[in-house]
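Peer 1: Read off the chains here:
Number of protein chains: 2
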Amino acid sequence: MKDYKASIHTWLKENRESAIQFLQQLIQEQSTQGNEETVQSIVAEKLKQMGMEVEWWELNGEELKKSPYFYSSREEFQGSPNVVGVWRGSGGGRTIVLNGHVDIVPAGDLTQWNISPFKGEIMDGKMYGRGTTDMKGGNLSLYLAVEAIKASGIELKGDVILHSVVEEESGGAGTLAAVMKGFKADAAIIPEPTNMKIFPKQQGSKWFRIHVKGRSAHGGMRYLGVSAIEKSSVVVEHIKVLENLRNDRIDDPLYANIPIPVPINIGRIEGGDWPSSVADAVIMEGRIGISPEETMEDGQKELEDWLAKLADIDPWFKENPVTLEWYGARWLPGSIDNDHPLMDILSEKYKSVIGTQPVIEASPWGTDGGLLSQVGNTPSIIFGPGTSNMAHFPNEYIEIDKIFEVAEILALTVMEWCCIQESSY
Amino acid sequence: MKDYKASIHTWLKENRESAIQFLQQLIQEQSTQGNEETVQSIVAEKLKQMGMEVEWWELNGEELKKSPYFYSSREEFQGSPNVVGVWRGSGGGRTIVLNGHVDIVPAGDLTQWNISPFKGEIMDGKMYGRGTTDMKGGNLSLYLAVEAIKASGIELKGDVILHSVVEEESGGAGTLAAVMKGFKADAAIIPEPTNMKIFPKQQGSKWFRIHVKGRSAHGGMRYLGVSAIEKSSVVVEHIKVLENLRNDRIDDPLYANIPIPVPINIGRIEGGDWPSSVADAVIMEGRIGISPEETMEDGQKELEDWLAKLADIDPWFKENPVTLEWYGARWLPGSIDNDHPLMDILSEKYKSVIGTQPVIEASPWGTDGGLLSQVGNTPSIIFGPGTSNMAHFPNEYIEIDKIFEVAEILALTVMEWCCIQESSY
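Same order as they appear, the protein sequences are chains A and B.
The numbers in this note's numbering rise by one with no breaks, and the one at position 146 of the first sequence is 168.
The numbers in this note's numbering rise by one with no breaks, and the one at position 386 of the second sequence is 408.
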């Protein structure tokens with residue numbers, strides 16, 4: 023293995039400048055939802071040059087809607103193709119999916135950017151721009167890993183299937199489409215921004231809306247009414263008790279350093295319509311974290327049942343129960359066994375490249391790994407060079423060195439997982 | 023006095039049908055803000071027919087703005103005239119203002135009305151329509167009271183000044199304009215809907231907006247943020263403590279049966295912008311009740327000082343103080359001494375007409391009586407035939423009998439207050 027390692031390392035070093043320019047090219051494509059076609063054609067061309075079989079297709083809303091796991095803000099996907107590159111192995115090896123999304127969130131308020139979001143400018147070893155960390159930088163690690171192996175003349179026994187998907191930011195329809203087309207494998211790695219931590223588990227999540235009722239009255243006689251604003255505080259406190267119960271249950275040491283492994287967050291509130299009236303209705307919107315140890319359905323049911331118990335703590339809710347609505351996006355939780363062989367290989371390669379033990383944690387957010395695991399039966403690990411606290415924020419950047427470190431770790435991991443065809447080297 | 027009483031009673035009985043038709047005519051005028059000209063011309067014609075000197079003028083925004091008590095959503099008042107009728111006494115008597123507003127609030131959602139809001143239809147002794155109870159029915163009591171006295175051939179020593187004003191629903195600019203023009207008196211009666219209770223005190227009120235800060239974070243790591251929604255509950259509870267303190271201070275027996283004499287109501291809340299983010303800002307809008315025993319300024323200052331104390335109960339507010347904004351409308355508190363001679367006269371006449379003792383209470387809402395008392399130095403009593411729980415609601419109505427009962431009580435009250443010129447009867 024030693025020689026392979028040196029060969030990979032050298033290739034990455036020699037191709038560093040062209041790789042950075044390629045990333046700049048990707049950042050210059052403003053591939054927000056519905057605008058992914060150009061960046062996908064660049065990726066497809068790259069995968070072809072690398073000698074992969076490339077499949078290119080536009081998502082089919084009609085087909086996708088047949089899956090209960092489909093979620094998107096749209097049903098038409100013109101201009102939003104998926105690209106998958108396949109490098110077939112000689113047979114007898116384990117297969118792997120390497121999955122990355124090319125869609126980006128909008129740049130947002132440009133006045134908050136100190137640097138152009140769509141140039142890929144470099145300062146102090148960092149490349150700046152929307153999508154550098156989430157996750158075109160991580161995608162570059164994937165391309166480099168495969169290219170480095172191929173450039174070293176190595177043949178693998180197992181297939182390498184590289185997903186370049188759309189729609190991750192909007193519910194995962196791209197990865198769902200790839201899975202539905204059969205692009206699955208024995209395991210997967212997704213280089214979402216983990217700051218080079220290894221995430222074998224990913225929290226799922228679901229959005230909800232709670233309608234709290236009150237009774238209107240003139241503010242000068244507020245004692246004749248019932249304030250939905252005050253009642254909404256009762257609901258918030260009640261939900262915090264459930265959050266405690268749900269998190270007390272989690273004993274996986276992966277979560278040891280996380281204060282609240284699967285939070286329930288109330289992110290929006292709105293209610294009442296007049297300063298001098300008692301508010302008769304409040305709407306709260308939130309997100310429940312779904313543990314990798316439970317199903318989406320179980321988590322949802324638990325919140326539903328819990329809200330019904332409000333009547334026990336405040337008789338108001340007996341006559342005026344809150345109503346719970348599930349809406350918007352949904353991210354499935356994902357999980358791979360802590361002692362899965364791919365976890366061992368990835369950890370070992372991390373140590374051999376970086377020199378220290380990797381940090382292994384659980385992810386506080388969902389990724390397409392939930393769909394790969396649960397729908398595609400492809401257990402997934404999240405491990406990438408970006409940092410999640412830059413994702414979706416102004417002045418997003420990625421540390422360039424980490425892209426190459428991750429590429430090297432992934433190349434060695436893929437080689438061991440998929441198994442080298444001895445005759446090839 | 024006995025003969026006068028019989029004469030007034032008989033006149034009201036004989037003129038009942040035409041009075042009801044006149045009220046229907048007033049209800050048919052949709053005199054919402056900016057649309058009061060036609061109804062005022064009907065009133066002005068009525069006052070002229072009754073032999074009053076009539077003054078008619080459009081409000082002057084430039085003049086009004088010179089007063090610190092001016093509040094309106096507009097500064098131009100084309101099409102919104104004030105009307106004042108004056109019946110000069112022979113001299114030596116106490117003067118009285120009889121004040122009523124002709125502006126109405128909009129009918130609102132018409133689907134919630136079971137009957138037309140602008141016809142003045144009568145069913146089971148009630149006239150239905152927007153403005154019946156608030157307060158064209160009460161205004162009719164005023165016209166009838168004066169007309170009945172005049173029709174009985176009585177002359178008074180003191181002046182009777184009848185205000186038919188605009189803008190009560192929008193901050194009181196109509197009454198302010200009348201006061202600024204010198205239409206003041208020794209006391210006033212306003213037949214706002216009190217359900218024939220006598221209100222010697224009226225709660226003032228002021229609107230406020232509180233900005234509560236949080237710190238944003240991804241909902242999946244909500245422990246890294248500070249929820250402005252949770253902090254707003256702390257603010258609501260803190261304000262309730264102040265409300266207790268302010269109400270514990272009130273020992274006037276008038277408030278004995280009122281659970282919260284001067285409430286602080288939080289009527290609106292809005293905050294956060296994403297279900298899966300920790301809310302970093304919440305805005306709450308509310309109304310503070312101002313006791314007749316305090317000034318508007320003292321009440322406002324007390325809330326300001328109280329909110330500064332949030333830092334003592336939660337260190338978050340030390341670094342992130344809430345901000346308090348005063349905005350929108352403002353109603354001055356009003357008050358007349360419980361043993362003011364007009365209170366005695368009105369109570370006695372109530373008993374002589376109705377046969378029972380009147381209920382004397384404090385009003386939970388402000389009226390133009392605050393401006394009359396504080397700016398016009400004209401202590402005011404609120405006493406009228408409508409019911410406040412119908413005001414501003416769909417299917418607003420007034421009990422017709424009560425209009426005539428109030429008219430009779432007011433006629434007798436005015437005669438005694440202003441003093442009959444003996445030679446006239």
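Hints were generated in silico from the structure; no laboratory data involved.
For every residue, glycine included, the Cβ atom is placed at its ideal position computed from N, Cα and C.
Please note: incorrect hints may appear among the correct ones.
Claimed, not checked - The following label-pair restraints were derived from C-beta to C-beta distances:
(1) A:L267 <-> B:D295: 46 to 56 Å
(2) B:T133 <-> A:N136: 48 to 58 Å
(3) B:T133 <-> A:Y245: 28 to 38 Å
(4) B:D336 <-> A:Q50: 45 to 55 Å
(5) A:G101 <-> B:A333: 20 to 30 Å
(6) B:T133 <-> A:Q100: 55 to 65 Å
(7) A:A333 <-> B:R231: 53 to 63 Å
(8) A:E97 <-> B:L246: 29 to 39 Å
(9) A:I137 <-> B:E324: 24 to 34 Å
(10) B:D327 <-> A:A333: 34 to 44 Å
(11) A:P281 <-> B:D295: 35 to 45 Å
Stated by the list, open to error - Chain B residues, not near chain A, derived (Cβ > 10 Å throughout):
(12) Q46
(13) M218
(14) S227
(15) R231
(16) R244
(17) E252
(18) V258
(19) P275
(20) T345
Peer 1: Next step is simple, just say for each hint if it's right about the structure.
Peer 2: Against the structure, the hints:
no.: 1; hint: A:L267 <-> B:D295: 46 to 56 Å; verdict: violated, 29 Å
no.: 2; hint: B:T133 <-> A:N136: 48 to 58 Å; verdict: holds, 53 Å
no.: 3; hint: B:T133 <-> A:Y245: 28 to 38 Å; verdict: holds, 30 Å
no.: 4; hint: B:D336 <-> A:Q50: 45 to 55 Å; verdict: holds, 47 Å
no.: 5; hint: A:G101 <-> B:A333: 20 to 30 Å; verdict: violated, 53 Å
no.: 6; hint: B:T133 <-> A:Q100: 55 to 65 Å; verdict: violated, 42 Å
no.: 7; hint: A:A333 <-> B:R231: 53 to 63 Å; verdict: violated, 34 Å
no.: 8; hint: A:E97 <-> B:L246: 29 to 39 Å; verdict: holds, 36 Å
no.: 9; hint: A:I137 <-> B:E324: 24 to 34 Å; verdict: violated, 49 Å
no.: 10; hint: B:D327 <-> A:A333: 34 to 44 Å; verdict: holds, 39 Å
no.: 11; hint: A:P281 <-> B:D295: 35 to 45 Å; verdict: violated, 24 Å
no.: 12; hint: Q46; verdict: holds, 28 Å
no.: 13; hint: M218; verdict: holds, 18 Å
no.: 14; hint: S227; verdict: violated, 7 Å
no.: 15; hint: R231; verdict: violated, 8 Å
no.: 16; hint: R244; verdict: violated, 4 Å
no.: 17; hint: E252; verdict: violated, 6 Å
no.: 18; hint: V258; verdict: violated, 7 Å
no.: 19; hint: P275; verdict: holds, 18 Å
no.: 20; hint: T345; verdict: holds, 16 Å
In the structure shown, a violation is registered for the earlier hints numbered 1, 5, 6, 7, 9, 11, 14, 15, 16, 17, 18, in ascending order.
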